[in-house]
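Undergrad: The task is simple: from the sequences and hints, build the whole structure.
Here the protein sequences line up with chains A and B, keeping their order.
Residue numbers for the first sequence, in our numbering: -3 to 368.
Residue numbers for the second sequence, in our numbering: -3 to 368.
Accuracy of the hints is not assured; some may be wrong.
Using C-beta positions, here's what the derived DEER-type ranges look like [to be verified]:
#	chain 1	residue 1	chain 2	residue 2	range
1	A	THR28	B	GLY98	36 to 42 Å
2	B	GLU176	A	GLU228	42 to 48 Å
3	B	GLY208	A	THR28	45 to 51 Å
4	B	GLN251	A	ASP0	20 to 26 Å
5	B	GLY211	A	LEU17	41 to 47 Å
6	A	GLU228	B	GLN153	51 to 57 Å
7	B	ALA367	A	THR12	51 to 57 Å
8	A	VAL329	B	ARG154	53 to 59 Å
9	B	ARG(-1)	A	ASP173	40 to 46 Å
10	A	ALA35	B	PRO73	38 to 44 Å
Derived from the structure by calculation, the hints contain no laboratory data.
Note that beta-carbon positions come from the ideal geometry of N, C-alpha and C, so glycine has one too.
Protein chains: 2
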Amino acid sequence: MDRDPILLTPGPLTTTLRTKLAMLKDWGSWDTDFIAVTASVRQRLLDIVHGADSHVLVPLQGSGTFSVEAAVATVVPRDGHVLVMDNGAYCKRAARLTQLMGRRATVVPQAEEEPVSAGEMEKRLLADPSITHVVLIHCETGTGVLNPLPEMAAVCQRLGKGLIVDAMSSFGALPIDAREVRFDALVAASGKCLEGVPGMGFVFLRKAILDGCAGNSQSLAMDLHDQHVYMEKTGQWRFTPPTHVLVALSEAITQFEEEGGRVARLARYTDNCRVLVDGMAALGFRPLLRPEVQAPIIVTFHAPAHPAYEFRRFYEAAKARGFILYPGKLTQVETFRVGCIGAIGANEMRQAVAAVADSLAEMGIPDGRPAG
Amino acid sequence: MDRDPILLTPGPLTTTLRTKLAMLKDWGSWDTDFIAVTASVRQRLLDIVHGADSHVLVPLQGSGTFSVEAAVATVVPRDGHVLVMDNGAYCKRAARLTQLMGRRATVVPQAEEEPVSAGEMEKRLLADPSITHVVLIHCETGTGVLNPLPEMAAVCQRLGKGLIVDAMSSFGALPIDAREVRFDALVAASGKCLEGVPGMGFVFLRKAILDGCAGNSQSLAMDLHDQHVYMEKTGQWRFTPPTHVLVALSEAITQFEEEGGRVARLARYTDNCRVLVDGMAALGFRPLLRPEVQAPIIVTFHAPAHPAYEFRRFYEAAKARGFILYPGKLTQVETFRVGCIGAIGANEMRQAVAAVADSLAEMGIPDGRPAG
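TA: This is the structure we're talking about:
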């Protein structure tokens, strides 16, 4: 019973053995071999969004949230004013870190089960011309809802507002094309749809705004402009890089390319999501979101109405069967979440559904039907 | 010729295969198994400094510098005033990040080849009562000099000043006992003397000051108080942890304990340093520092005076022989550095000296004698 459980979580997620094996070597961070890995990762990440002409790629130590904070700290001037159309937990987090660093932020509460409306955002921008930037969560992992990046980016461009995109859980799977969608900063991380291990984030910064970012950040560690300038000059990271995490990401990107890139990855995740949702529906479970707004990244399900249901027991039962589920993140409704991403396919999703069915049976719950 | 080079660098450094093998598994960050690893690492780190009664241990994503910045941001109030007795590159970095975040910092330049004087520091503290905190680099990796932590801590305690210690390259090897030396915060990282892989830091915070730290940090990601409160409540990290890096650190700590803990590790590094310095001296090389102030962590050598010497060529020649050296970090004198830490012993140090001898011969340099 030593098989590792499959992580149905939105990062850390299940990675291939090949990715993990890349970590069995130590690298000198100053050495040319490691500098070459950094350069190659930066170039290949730019290629994924067709951003080589318009953007630079700045990697950063830490979790994805560190990179979100760094993007806001670097891109938004100290007297800037950020708008967050808030439809979930990661929107709230982005607003909080913006306010904490002393930047003004206006937060507009939205329904969590629906995408943000670009039209509604436009009204807000027109009503308050002091707003300089919009922060947008592409796929709100709190629920799994997909926000309309192209439409929102078009509004920002037309009105001359900066746009910072948290694409943490969408980058590498959902379409993002820097030639068609204008963003000042776009943030993602190693341990999400690229299927690397967690430990670093990265930010695409638009070349046209780069010089203007100097001196914005009050944090040394999170100053992406400084990190960029140093890296361009030396090829090195300013401070000790997570060497093993970076080489694992490099190996993961190679497999991403071999699989057929973003289109193939999205196709696999879409298939994973369909198998999951169909299988769970057959057990009576109902997803929180309408199918049209559901990104194939993570699915929020209503908890079963049956009185014997308790998330902790359900989680342990599924874990005993080899699958790690994810708790819900909503305050109003009881839910749980199941990720569709990672080095897994339709087989694993079918087995996951079977494990859920078994777990319900063990708990004496006839089906997954929610209340109401 | 596929043997991995040995890293004679102050982190990332050479780790054991056993440490790296711990990374061949994916972990759910929310799962109880991972929560147990986090708890165990925190406890065992506290044990190393005998700090369980007096301190808490807060891990943080990112490089060691992230944790230094987080310690200052969390411990020093916004109207605080920091004193840095500056005898090296890491002192300057600590002062810079303090000023950047808007805290007042007074920097007193000191000779780089000598330890900071506790008496001189005391004079400065008495002359300016507005100073609230001292930031001290225990082992200045810029040169390798050891600063007098116990003496400086005693002065800070007597005068009622807070003390933040950057023990990045000393923790786990040089003696630090929280029962005898009072510090408000002490910072180290995974990829140094504990011989883990890089990707996370950690900070010991004194329990007595913990409550007073709430709300100090203007950075969400670097708020160690917030990280601590959340971790105490849930056992989890606030944001995605570097799961593979943490389990590698846990495995590295187990080997540290098996080796005989801090005392045994210091003995091995001291032996490494002696073999290195003696071997290099036989080749004519001269260390920058007097032996009495040289920490057995990293040794700075004067560059050879011979006109054929060029660091880049010397580095490549040593690398071709399997050893990664480290550049100097002084502006006035030409130097290079050689680390004594990592999963290496006297054999590797002897081989390194032999590789240096070969490299000199290849470059047509008769010996390592410096100018003057």
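Undergrad: Next step is simple, just say for each hint if it's right about the structure.
TA: Going down the list of hints, with the structure as the test:
At roughly 38 Å, the beta carbons of A:THR28 and B:GLY98 sit within the given window of 36 to 42 Å. Separation of B:GLU176 from A:GLU228 is about 46 Å and conforms to the stated range, judged on CB atoms against 42 to 48 Å. The hint said 45 to 51 Å for the Cβ distance between B:GLY208 and A:THR28, and at roughly 47 Å that hint holds. In this structure the hint that B:GLN251 and A:ASP0 lie 20 to 26 Å apart at CB holds, the actual value being about 23 Å.
Judged by the Cβ atoms, the range 41 to 47 Å given for B:GLY211 and A:LEU17 holds: they are separated by roughly 44 Å. The beta-carbon spacing between A:GLU228 and B:GLN153, approximately 45 Å, falls outside the hinted interval of 51 to 57 Å. Remark: the range hint 51 to 57 Å for B:ALA367 to A:THR12 is upheld by a beta-carbon distance near 53 Å. Checked against the hint of 53 to 59 Å, the C-beta distance between A:VAL329 and B:ARG154 comes to roughly 58 Å, which is consistent with it.
Distance hint check: the CB atoms of B:ARG(-1) and A:ASP173 are about 44 Å apart, consistent with the given range 40 to 46 Å. With their beta carbons about 42 Å apart, A:ALA35 and B:PRO73 fall inside the hinted range of 38 to 44 Å.
Hint 6 from the list above is the single one not met by this structure.
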